[in-house]
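Take these sequences, add in the hints, and give me the full structure.
Protein chains in written order, with my numbering: chain A, 2 to 178; chain B, 2 to 178.
The reader is advised that the hints may include incorrect statements.
As the list makes no split between identical chains, a pair holds if one copy fits it or if it spans any two.
Taking lysine to aspartate or glutamate and the DMTMM-like style, the derived pairs with C-alpha atoms no more than 20 angstroms apart in a straight line are [unchecked claim]:
| # | residue 1 | residue 2 |
| --- | --- | --- |
| 1 | Lys4 | Asp141 |
| 2 | Lys56 | Glu94 |
| 3 | Lys114 | Glu46 |
| 4 | Lys3 | Asp141 |
| 5 | Lys114 | Asp61 |
| 6 | Lys138 | Glu44 |
| 7 | Lys114 | Glu94 |
| 8 | Lys114 | Glu79 |
| 9 | Lys49 | Glu108 |
| 10 | Lys138 | Glu116 |
| 11 | Lys36 | Asp17 |
| 12 | Lys4 | Glu176 |
| 13 | Lys138 | Glu85 |
Hints were generated in silico from the structure; no laboratory data involved.
Protein chains: 2
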Amino acid sequence: MKKKTIAIDMDGVLADFESQLIDHYNTAYGTSLTKESIQGLSEEEAFKERDLLFKVLNKDNFFRTLPVMQDAVESVRELQKNFEIFIVSAATEFPVSLAEKVAWLGEYFPFIKWENIVLCGSKRIINTDYMIDDHCKNLDYCIGKPIMFTAFHNVNQTHHLRVNNWKEAVAVLNETL
Amino acid sequence: MKKKTIAIDMDGVLADFESQLIDHYNTAYGTSLTKESIQGLSEEEAFKERDLLFKVLNKDNFFRTLPVMQDAVESVRELQKNFEIFIVSAATEFPVSLAEKVAWLGEYFPFIKWENIVLCGSKRIINTDYMIDDHCKNLDYCIGKPIMFTAFHNVNQTHHLRVNNWKEAVAVLNETL
Numbered sequence: 002m003k004k005k006t007i008a009i010d011m012d013g014v015l016a017d018f019e020s021q022l023i024d025h026y027n028t029a030y031g032t033s034l035t036k037e038s039i040q041g042l043s044e045e046e047a048f049k050e051r052d053l054l055f056k057v058l059n060k061d062n063f064f065r066t067l068p069v070m071q072d073a074v075e076s077v078r079e080l081q082k083n084f085e086i087f088i089v090s091a092a093t094e095f096p097v098s099l100a101e102k103v104a105w106l107g108e109y110f111p112f113i114k115w116e117n118i119v120l121c122g123s124k125r126i127i128n129t130d131y132m133i134d135d136h137c138k139n140l141d142y143c144i145g146k147p148i149m150f151t152a153f154h155n156v157n158q159t160h161h162l163r164v165n166n167w168k169e170a171v172a173v174l175n176e177t178l
Numbered sequence: 002m003k004k005k006t007i008a009i010d011m012d013g014v015l016a017d018f019e020s021q022l023i024d025h026y027n028t029a030y031g032t033s034l035t036k037e038s039i040q041g042l043s044e045e046e047a048f049k050e051r052d053l054l055f056k057v058l059n060k061d062n063f064f065r066t067l068p069v070m071q072d073a074v075e076s077v078r079e080l081q082k083n084f085e086i087f088i089v090s091a092a093t094e095f096p097v098s099l100a101e102k103v104a105w106l107g108e109y110f111p112f113i114k115w116e117n118i119v120l121c122g123s124k125r126i127i128n129t130d131y132m133i134d135d136h137c138k139n140l141d142y143c144i145g146k147p148i149m150f151t152a153f154h155n156v157n158q159t160h161h162l163r164v165n166n167w168k169e170a171v172a173v174l175n176e177t178l
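Dropping the structure here:
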């Protein structure tokens, strides 16, 4: 039988974007943001200086050096037994991130083939059975079943099935088999 | 009413990949391939030295300097009046091409927003109403209606609706309105 498909986001889901952004933003701007201090804020509220935020995100190696999320590697490998995995990242806004993202995946997820990597803008045209993402802007319009991965900016959202970490994600998805 | 969506390929459809590849391959390998001499051959038959082909495709600026296909700019702009256009390129096999493709689109198609650019591997999960592409490996498995854009390697394929140039593509698509 054909395996069901899962689209998995990178920033905030496979990669710990939040820690890295806080670090780089604090260093560049002299702020003292912490994971706790930005809980429940939108990205716009947490990182108020949009120009500076974009400067940080456009810096060489920002995306290449993101820490990998806890349990992500083993979990994706586990899911790959029963699902076809696509990595789907909204990345075309930051051209410098594109090759870095492919290289980052090559380092941590070498078992994901290039055929299964999608660097896009809008995820509205991505047709997979499930989509794991941290952003409502993607989950609200996705074709498959949305699964919200907890992040500081989505903790007050209640309209999607939520998973708080990779162990929960694997459990929820394996239950559908 | 929501506009219907079209996924448009880059290499061989928006960009004249064939001319550039023949030029660079001949220069690097001392061959004398021409558009006429490779008509009806597969890519593997036309460009026999796979290692060299990959070396050419991985060279800096190969994708950034592709000529734009005749009538492509005006045609996409025309289609954009009645359709939502997504540019969908199978590019993750060549990481160096990724930022170059976004820059190339910025030069010739500045009216395409980053949200509508998809750099992917397999196009099986791209869900648009139409897909314009030159490769059976994409058209045979696409979700929407496939439209084959003529290229040297597909002239003997007869199982898809064919357009030979951008003027024909616009005529075929506008007829669906």
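Consistency of the hints with the structure:
no. : hint             : result
1   : Lys4 to Asp141   : between (24 angstroms within a copy, 19 angstroms between copies)
2   : Lys56 to Glu94   : within (13 angstroms within a copy, 28 angstroms between copies)
3   : Lys114 to Glu46  : neither (37 angstroms within a copy, 25 angstroms between copies)
4   : Lys3 to Asp141   : between (26 angstroms within a copy, 17 angstroms between copies)
5   : Lys114 to Asp61  : neither (24 angstroms within a copy, 22 angstroms between copies)
6   : Lys138 to Glu44  : within (12 angstroms within a copy, 40 angstroms between copies)
7   : Lys114 to Glu94  : between (23 angstroms within a copy, 9 angstroms between copies)
8   : Lys114 to Glu79  : within (16 angstroms within a copy, 36 angstroms between copies)
9   : Lys49 to Glu108  : neither (32 angstroms within a copy, 31 angstroms between copies)
10  : Lys138 to Glu116 : between (25 angstroms within a copy, 12 angstroms between copies)
11  : Lys36 to Asp17   : within (12 angstroms within a copy, 48 angstroms between copies)
12  : Lys4 to Glu176   : within (14 angstroms within a copy, 37 angstroms between copies)
13  : Lys138 to Glu85  : between (23 angstroms within a copy, 18 angstroms between copies)
This entry does not satisfy hints 3, 5, 9, going by the numbered hints stated previously.
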